[in-house]
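Enquirer: Below are the chains, spelled out letter by letter.
There are 2 protein chains.
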Amino acid sequence: MATRNIKEVAQLARVSVGTVSNVLNRPEIVSPATRERVFEAIKKLGFVRNEVARHLRVGRSRTVGLVVLDVANPFFVDVAQGAEAVADEHDSMVVLCNSAGDPGRERRHLDQLEQQRVMGILITPVETESPWVEELIARGTPVVLVDSPATGLQCSVAVDDRLGGQIAGAHLVERGHRRIGFVGGPPSVKQVADRYAGVTAAVAAADGTVELLTFTGPTLTVAEGRAIGERVAVLPPEERPTAAFCANDMMALGFLQAMASHGLRVPEDLAIIGYDDIDFAAAAAVPLSSIRQPRVLLGRTAIELLLEEVVEPEQHRHRQVIFQPDLVIRESSAMLR
Amino acid sequence: MATRNIKEVAQLARVSVGTVSNVLNRPEIVSPATRERVFEAIKKLGFVRNEVARHLRVGRSRTVGLVVLDVANPFFVDVAQGAEAVADEHDSMVVLCNSAGDPGRERRHLDQLEQQRVMGILITPVETESPWVEELIARGTPVVLVDSPATGLQCSVAVDDRLGGQIAGAHLVERGHRRIGFVGGPPSVKQVADRYAGVTAAVAAADGTVELLTFTGPTLTVAEGRAIGERVAVLPPEERPTAAFCANDMMALGFLQAMASHGLRVPEDLAIIGYDDIDFAAAAAVPLSSIRQPRVLLGRTAIELLLEEVVEPEQHRHRQVIFQPDLVIRESSAMLR
DNA sequence: AGATTCTTTTGAATCGTCTCAAAGACTTGG
DNA sequence: CCAAGTCTTTGAGACGATTCAAAAGAATCT
Chain A
0 MATRNIKEVA QLARVSVGTV SNVLNRPEIV SPATRERVFE AIKKLGFVRN EVARHLRVGR
60 SRTVGLVVLD VANPFFVDVA QGAEAVADEH DSMVVLCNSA GDPGRERRHL DQLEQQRVMG
120 ILITPVETES PWVEELIARG TPVVLVDSPA TGLQCSVAVD DRLGGQIAGA HLVERGHRRI
180 GFVGGPPSVK QVADRYAGVT AAVAAADGTV ELLTFTGPTL TVAEGRAIGE RVAVLPPEER
240 PTAAFCANDM MALGFLQAMA SHGLRVPEDL AIIGYDDIDF AAAAAVPLSS IRQPRVLLGR
300 TAIELLLEEV VEPEQHRHRQ VIFQPDLVIR ESSAMLR
Chain B
0 MATRNIKEVA QLARVSVGTV SNVLNRPEIV SPATRERVFE AIKKLGFVRN EVARHLRVGR
60 SRTVGLVVLD VANPFFVDVA QGAEAVADEH DSMVVLCNSA GDPGRERRHL DQLEQQRVMG
120 ILITPVETES PWVEELIARG TPVVLVDSPA TGLQCSVAVD DRLGGQIAGA HLVERGHRRI
180 GFVGGPPSVK QVADRYAGVT AAVAAADGTV ELLTFTGPTL TVAEGRAIGE RVAVLPPEER
240 PTAAFCANDM MALGFLQAMA SHGLRVPEDL AIIGYDDIDF AAAAAVPLSS IRQPRVLLGR
300 TAIELLLEEV VEPEQHRHRQ VIFQPDLVIR ESSAMLR
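Protein sequences appear in the order of chains A and B.
Heads up: the first sequence runs through residues 0 to 336, numbered per numbering that gives the first Met the number 0.
Heads up: the second sequence runs through residues 0 to 336, numbered per numbering that gives the first Met the number 0.
Hints are computed from structural coordinates only; laboratory data are not their basis.
Hints should not be assumed to be uniformly reliable.
Below, a sample of chain B positions facing chain A; criterion: calculated Cβ distance under 10 Å [as the list claims (entries may be wrong)]: (1) R3; (2) V51; (3) Q111; (4) H315.
Chain B stretches covered by chain A per the calculated footprint, using a threshold of three residues with CB under 8 Å from any CB of chain A [unchecked claim]: (5) 25 to 38; (6) 133 to 142; (7) 167 to 174; (8) 263 to 274.
Where a beta carbon is used, it is the ideal one built from N, C-alpha and C, also for glycine.
Sequences and hints are given; from them, build the entire structure.
Expert: Right under this line is the structure:
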């Protein structure tokens with residue numbers, strides 16, 4: 000209720016508002032005696048600076064928006080933690096928004112962030128071609144794309160998903176699998192399309208006897224993975240793939256559960272490899288093999304690029320940073336016998 | 000760069016700034032012709048309302064801060080999703096902050112949120128007695144405590160953790176366990192203390208032959224659970240508990256991994272029950288029994304209480320809403336033979 | 001036409017802080 | 001004691017949107 004302002008502080012300390020502002024922003028130019036008096040007044044009144052008014056005057060906010068595809072996916076939580084760590088060092092704040100894969104939600108979040116005049120936005124867009132994002136940039140909000148290809152209008156950080164898919168595919172082929180299933184989400188999601196392209200390439204590079212089956216659903220969740228798993232589990236053994244490459248670990252975990260509930264053994268009856276290497280992958284019923292991405296680093300780099308753009312807009316050149324994924328082998332893709 | 004303001008819109012539409020503001024906030028009182036003209040100008044200029052300035056004038060923000068103990072814990076992600084769903088309906092925004100169990104980080108977040116003049120704050124405090132929170136309230140920011148007991152200065156939502164601990168303990172006792180381990184974090188965390196009190200009560204209520212061992216660490220993470228598990232696994236069988244009640248599912252998952260890596264079978268050699276029933280619990284190596292909390296409902300209720308307080312401060316009476324936990328039995332605590 | 005009522009539009013004041021030119025207070029040297 | 005510098009402090013504009021009393025314009029009635 001009783002929010003004090005700079006004027007009340009000035010009154011109590013018997014100085015002008017300008018001086019109070021100076022104490023707050025450049026204490027070194029104020030004489031020690033005055034400074035002390037102002038600090039006392041601040042303390043006595045319980046004054047808390049109104050960042051909103053400050054921002055209105057200064058014109059630049061200290062918060063960064065991070066819009067992710069799915070907060071429930073630990074992958075994005077880790078990206079967020081990376082971003083937050085850097086923001087913290089620059090006493091900025093990251094506000095985490097969840098588009099949940101819905102373009103409508105994504106747009107609402109972008110609108111809100113723009114209205115708040117955030118310093119910039121980090122986003123994993125729902126759709127690759129996003130006019131909203133381009134307009135946002137045109138109107139002056141810096142954007143860094145996370146895990147999505149840049150169009151040249153902005154910076155981006157990503158992991159080479161095609162390579163990741165290829166590594167996963169090659170691993171399964173090398174393990175002797177000849178009928179591989181790709182368990183993914185909508186191909187409109189860039190990550191899915193790239194990982195699929197990668198595994199396709201790996202299969203093509205094999206001796207021609209390897210078959211690739213595709214199973215997709217609308218989302219990339221545990222539930223979706225389970226649902227697809229149910230469909231796969233009931234296939235006759237001769238049609239059923241002997242290995243599945245899941246577009247992410249959430250799906251892989253769901254898929255794995257479906258196998259278990261149908262009495263199929265992993266990896267004996269069906270091997271599984273996921274993507275992201277979230278912490279829970281190692282704790283799964285059968286520890287999951289996965290393609291590891293530098294999640295935290297992704298977030299760190301994204302916000303660093305953003306800060307660079309904000310601090311020196313003039314000499315900033317948009318860049319695309321691409322990281323390499325790693326293969327992590329665990330029990331779920333152990334050798335076939 | 001080129002951020003347009005209401006004045007430019009007014010100029011282009013050949014009306015006063017007051018009219019533009021009216022079009023934005025109460026379009027029905029503006030004549031259709033004028034309204035149309037203003038909308039066109041807005042579109043042509045790519046004008047986006049400056050929420051900061053609006054807020055400065057109106058004095059109330061549309062964002063709510065949510066400060067959680069650990070974003071990596073899916074429990075809190077679900078609470079956040081519940082809160083966000085309600086905020087969405089009231090076109091507000093939830094900004095998610097992670098204290099990571101560190102009072103310093105918590106304080107920094109609270110300071111920042113207060114400076115931003117958020118509408119209110121939902122928080123799971125690191126420490127039960129938090130002078131910061133009380134001062135915050137005294138200065139006029141409404142607060143709702145999540146999963147923490149209220150002091151009467153604010154509303155709170157919580158789940159009866161003591162009861163949860165009791166249910167878990169009773170379950171293990173009933174399954175025939177006579178040496179039960181409690182795997183928890185620092186007792187300064189209210190949740191841990193309550194769950195411990197609950198299991199203690201359950202043990203005391205048994206026939207007196209049940210022993211309760213306590214293993215604690217500084218955090219409530221997967222890694223901590225694993226570390227404690229390592230210690231427990233190497234105990235001689237006659238000292239090792241036959242069942243473990245973990246303070247949350249993250250710890251339980253880590254603990255379970257440690258058992259597996261030491262060749263101990265769950266539940267045969269050691270039964271496990273966790274707390275929270277996060278989605279990953281069911282997908283664990285051995286599906287985890289757990290105490291389920293209404294996570295999403297917790298978030299929904301918290302923000303509803305906050306909104307109630309903000310909308311009608313006069314007739315608002317602080318309330319404490321307490322939910323009941325449920326027992327979910329899975330393989331990890333199946334009957335002893 | 002003039003009076004009355006209703007609908008629209010106007011524009012100055014306001015929210016809390018920062019900026020910056022200018023004034024005021026002190027020093028120092030001559 | 002004065003002039004010329006330093007330090008400090010001052011206070012009048014911004015910043016962008018909202019509000020609201022009052023003015024202007026339309027419509028209705030006598």
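Enquirer: Run every hint past the structure and note whether it holds.
Expert: Checked hints:
1. Below 10 Å, beta-carbon pairs count as interface contacts, and R3/B has one with chain A at about 8 Å; its hint therefore holds.
2. Here the hint on V51/B is kept, as its CB sits about 5 Å from the closest CB of chain A, short of 10 Å.
3. Interface restraint check for Q111/B: the shortest CB-CB distance to chain A comes to about 6 Å, inside 10 Å, so the restraint holds.
4. Annotation: interface hint on H315/B violated; nearest CB of chain A at approximately 13 Å, more than 10 Å.
5. Counting residues of the stretch 25 to 38 of chain B whose beta-carbon sits less than 8 Å from any beta-carbon of chain A gives 0, not enough to reach three: the coverage restraint is violated.
6. Note: the stretch 133 to 142 of chain B has 4 residues with beta-carbon separation from chain A under 8 Å; the three-residue rule is met and the coverage holds.
7. With a threshold of 8 Å between beta carbons, the proposed coverage of the stretch 167 to 174 of chain B by chain A is violated, since 0 of its residues qualify and at least three are required.
8. Only when three residues or more bring their CB closer than 8 Å to a CB of chain A does the claim for the stretch 263 to 274 of chain B stand; here the count is 0, and the claim is violated.
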